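Just so you know, the protein sequences line up as chains A and B, in that order. The opening position of the first sequence corresponds to residue 4 in the numbering used here, with each subsequent residue numbered one higher. The opening position of the second sequence corresponds to residue 7 in the numbering used here, with each subsequent residue numbered one higher.
Just to be clear, a hint being listed does not mean it is correct.
[Said to hold, decoys possible] Here are some chain B residues pointing at chain A (derived, C-beta under 10 Å):
1) Ser25
2) Ser29
3) Glu90
4) Lys91
5) Ile312
6) Ala393
7) Lys421
[To be verified] So the derived label-pair ranges between C-beta atoms look like this:
8) A:Ile16 x B:Asp330: 42 to 48 Å
9) A:Ala125 x B:Thr315: 36 to 42 Å
10) B:Lys156 x A:Ile16: 42 to 48 Å
11) A:Ala21 x B:Asp330: 37 to 43 Å
12) B:Glu357 x A:Lys67: 54 to 60 Å
13) A:Ala145 x B:Asp330: 58 to 64 Å
14) A:Pro40 x B:Glu357: 21 to 27 Å
15) A:Pro40 x B:Glu346: 44 to 50 Å
16) B:Glu406 x A:Asp34: 28 to 34 Å
17) A:Arg72 x B:Gly31: 49 to 55 Å
18) B:Ile50 x A:Glu65: 39 to 45 Å
[Stated by the list, open to error] Coverage of chain A stretches by chain B, computed from C-beta distances (three or more under 8 Å per stretch; other residues unrestricted):
19) 25 to 39
20) 83 to 93
Since the hints were made in silico from the structure, they are not lab data. Note that the coordinates shown come from a computational prediction; the quantities given were computed from them, not determined experimentally. Glycine included, every Cβ here is placed at the ideal spot set by N, Cα and C.
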Amino acid sequence: MDSSPTITLEELIEEFEALGDWEAQCEFLIDLGFELPKLPPELKTEETRVRGCQSNVWMVIELKEGSPRTVEIRAESDAMLVNGLIAVLLSIYSGKTPREILAVDVQDIFHRLGLDRHLSTARRNGLHSMVQRIREFAEQAARKESHAES
Amino acid sequence: MAEQGFNVLKIREDFPIFSQRLSGGKPFFYLDSAASAQKPRCVIEKEIEVYEQYYANAYRGVYEFGARVDEELDGGGDREGVREKVRRLLGASSAEEVIFTSGTTMSINLVANAWGRKFLQPSDEVLITLMEHHANLVPWQRITAERGAKLRYIPLSGDGRLDLAALDELLTSRTRLVAVTRMSNVLGTVNPIDVITKRAKEQGALVLVDGAQSVPHEPTNVLDPPIDFLAFSGHKLFGPSGIGVLWGRRELLEAMDPFLCGGHMISEVYLDHSTWAPLPAKFEAGTIPIAQAIALGAAVDYVDAIGWTAIHEHEQQLLEYAWDRLTEVPGLTVHGPGLEHRGPILSFSIEGAHPEDLAQLLNLKGVFVRHGHHCTMPLHDHLGVPATVRASFALYNTREDVDALVEGLHFARKKLRLA
Ligand SMILES: Cc1ncc(COP(=O)(O)O)c(C=O)c1O
Chain A
4 MDSSPTITLE
14 ELIEEFEALG
24 DWEAQCEFLI
34 DLGFELPKLP
44 PELKTEETRV
54 RGCQSNVWMV
64 IELKEGSPRT
74 VEIRAESDAM
84 LVNGLIAVLL
94 SIYSGKTPRE
104 ILAVDVQDIF
114 HRLGLDRHLS
124 TARRNGLHSM
134 VQRIREFAEQ
144 AARKESHAES
Chain B
7 MAEQGFNVLK
17 IREDFPIFSQ
27 RLSGGKPFFY
37 LDSAASAQKP
47 RCVIEKEIEV
57 YEQYYANAYR
67 GVYEFGARVD
77 EELDGGGDRE
87 GVREKVRRLL
97 GASSAEEVIF
107 TSGTTMSINL
117 VANAWGRKFL
127 QPSDEVLITL
137 MEHHANLVPW
147 QRITAERGAK
157 LRYIPLSGDG
167 RLDLAALDEL
177 LTSRTRLVAV
187 TRMSNVLGTV
197 NPIDVITKRA
207 KEQGALVLVD
217 GAQSVPHEPT
227 NVLDPPIDFL
237 AFSGHKLFGP
247 SGIGVLWGRR
257 ELLEAMDPFL
267 CGGHMISEVY
277 LDHSTWAPLP
287 AKFEAGTIPI
297 AQAIALGAAV
307 DYVDAIGWTA
317 IHEHEQQLLE
327 YAWDRLTEVP
337 GLTVHGPGLE
347 HRGPILSFSI
357 EGAHPEDLAQ
367 LLNLKGVFVR
377 HGHHCTMPLH
387 DHLGVPATVR
397 ASFALYNTRE
407 DVDALVEGLH
417 FARKKLRLA
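With the hints as constraints, model all of the structure from the sequences given.
Structural data, given as structure tokens:
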């Protein structure tokens, strides 16, 4: 399964600006959600489930072979808007190295997209849980790398 | 749909929030009164009056403002106090049995701790139902575990009513208390408190009624059937948040230990022990929500002036209309019983649509509903769905609200590629 993002961050920010209001942006996010590749059912386990979400989210994060090693994220929710938010996260994080991931100021991006204003607190907490999951993975991977280097 | 003497458009004018528009001038449709109700101007103004004209702590000062606050709360001169208004609302025999709390949650926790810790013995049982809000479930879970007592549940029938056939087996001489909601905050089911109370009394058990959802929609009478405790929240009865009520039968309240300890609830304090103030102060430790309690009185007066018959008729007509219109939406299932057994609450699922998506998409159309488990996880396990969407109505809702909901659901289905 291809985990390359359905949209780049630049495209996303442009699109959000063009759409203008939250109503159109929210509908666009749901459309993005429909384009998100599905996770194979066998990967939707208790282990891959992200806690702290109102809806179910399953997330699989792996290090890709190659040099430098980049992070591959696959995720799916049973709510379409959440799938749209996953697409946003993929556009932010996908194909980055662990250190690049840790350097991202994701709050700033959410702010530029207006997500910090338009999402409910509960939804924001869910989004935050997904970000946490990705950052924790990146931290561990980065730590292992420095270990290997030294 | 104007009933005689009841004009919903006039009612809406009493609520300043309904003159609000969303950004872009869009209207909004408030269908979440079961979570919290909007406030009429008289409630808002009463709270402002307290702060602007005579604010002081309650039950502390002999000076004029303090005395006025006490009068507002407990009456005096020609003034009817809030406690007396609530006593009338509940049909109770004494205003001293009306305890101010922060809401239903606090009221039930008070009984679980102050009654449960003192009177529950190992081998005793507390009986609740599968449809309880966590506020009438978790406190009993904790106190029964602490006391080595057992918590049992009345199961539900297929259509979301209490399975009363199971009562014979569940309600026995071991049962010390039956704690049950009068109206389910998810299914809308109105439970037969009369039947339950009669059976409980036969076994010598007490009855606590969670009135959070019922008190805003129907007349309440704690003496008929003769229950023992009733809890409700001011904010669902068009009153301020932060204030609620526990009503309890005097003998029970007197026999119970205090729950919270501190100022105002004592009679004498010595270095090694204290004695308790008489009711209701014994259960009102610390500073109560003063302005909120006073403004609760305005909310009680407000519903009183409109009258339960008019409120009930209006809400039932609206419920029927909503019920009929929702059946137009393909794939929609309303959870819970038929109209004759429910209050103005409709929780539903739409095949293939996640409740969170539905609520988000409805919000885009200005339709305000709640989604989630509504603090009833065991009930949702029973329903076999993790979450539902809930639309709930109050005296200020109109057919336009229902129409907006139905249109919003059609729009949501389209966006979710179900239509
Ligand atoms: C049936 C029921 N019980 C208890 C509560 C808790 O009320 P509060 O949060 O005001 O304490 C609610 C509120 O949602 C309810 O619907």
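For each hint, the structure was consulted:
At about 22 Å, the closest approach between the beta carbon of Ser25 (chain B) and any beta carbon in chain A exceeds 10 Å, and the interface hint on this residue is violated. A distance limit of 10 Å between C-beta atoms decides the matter here; for Ser29 (chain B) the minimum to chain A is near 8 Å, and the interface restraint holds. Proximity of Glu90 (chain B) to chain A is violated relative to the hint, the smallest CB-CB distance being about 39 Å (cut-off 10 Å). Here the hint on Lys91 (chain B) is broken, as its CB sits about 35 Å from the closest CB of chain A, past 10 Å.
Residue-level restraint check for Ile312 (chain B) is violated (minimum Cβ-Cβ distance to chain A is 33 Å; threshold 10 Å). The restraint placing Ala393 (chain B) at the interface with chain A holds, with a minimum CB-CB distance near 7 Å, inside the 10 Å limit. Taken as an interface hint, Lys421 (chain B) checks out: its beta carbon lies about 6 Å from the nearest beta carbon of chain A, inside 10 Å. Against the hinted window of 42 to 48 Å, the Cβ-Cβ separation of Ile16 (chain A) and Asp330 (chain B) comes to about 45 Å, which satisfies the hint.
For Ala125 (chain A) and Thr315 (chain B), the Cβ-Cβ distance of about 38 Å falls inside the hinted range of 36 to 42 Å, so the restraint holds. Separation of Lys156 (chain B) from Ile16 (chain A) is about 58 Å and departs from the stated range, judged on CB atoms against 42 to 48 Å. Between Ala21 (chain A) and Asp330 (chain B) the beta carbons are some 41 Å apart, a value that agrees with the proposed interval 37 to 43 Å. For Glu357 (chain B) and Lys67 (chain A), the hinted distance range of 54 to 60 Å is not satisfied, since their beta carbons lie about 38 Å from each other.
A hinted range of 58 to 64 Å holds for the C-beta pair Ala145 (chain A) and Asp330 (chain B), which are about 59 Å apart. For Pro40 (chain A) and Glu357 (chain B), the Cβ-Cβ distance of about 23 Å falls inside the hinted range of 21 to 27 Å, so the restraint holds. Between Pro40 (chain A) and Glu346 (chain B) the Cβ separation comes to about 48 Å, which falls inside the hinted range of 44 to 50 Å. Remark: the range hint 28 to 34 Å for Glu406 (chain B) to Asp34 (chain A) is upheld by a beta-carbon distance near 29 Å.
A C-beta distance of roughly 52 Å is found between Arg72 (chain A) and Gly31 (chain B), which places it inside the suggested range of 49 to 55 Å. Taking the beta carbon of each, Ile50 (chain B) and Glu65 (chain A) are about 56 Å apart, not inside 39 to 45 Å as hinted. With 6 residues bearing a CB less than 8 Å from a CB of chain B, the stretch 25 to 39 of chain A meets the requirement of three and the coverage assertion stands. Against chain B, the stretch 83 to 93 of chain A contributes 3 residues with a C-beta closer than 8 Å to a partner C-beta. That satisfies the three-residue criterion, and the hint holds.
Of the hints listed earlier, those the structure fails to meet are numbers 1, 3, 4, 5, 10, 12, 18, in rising order.
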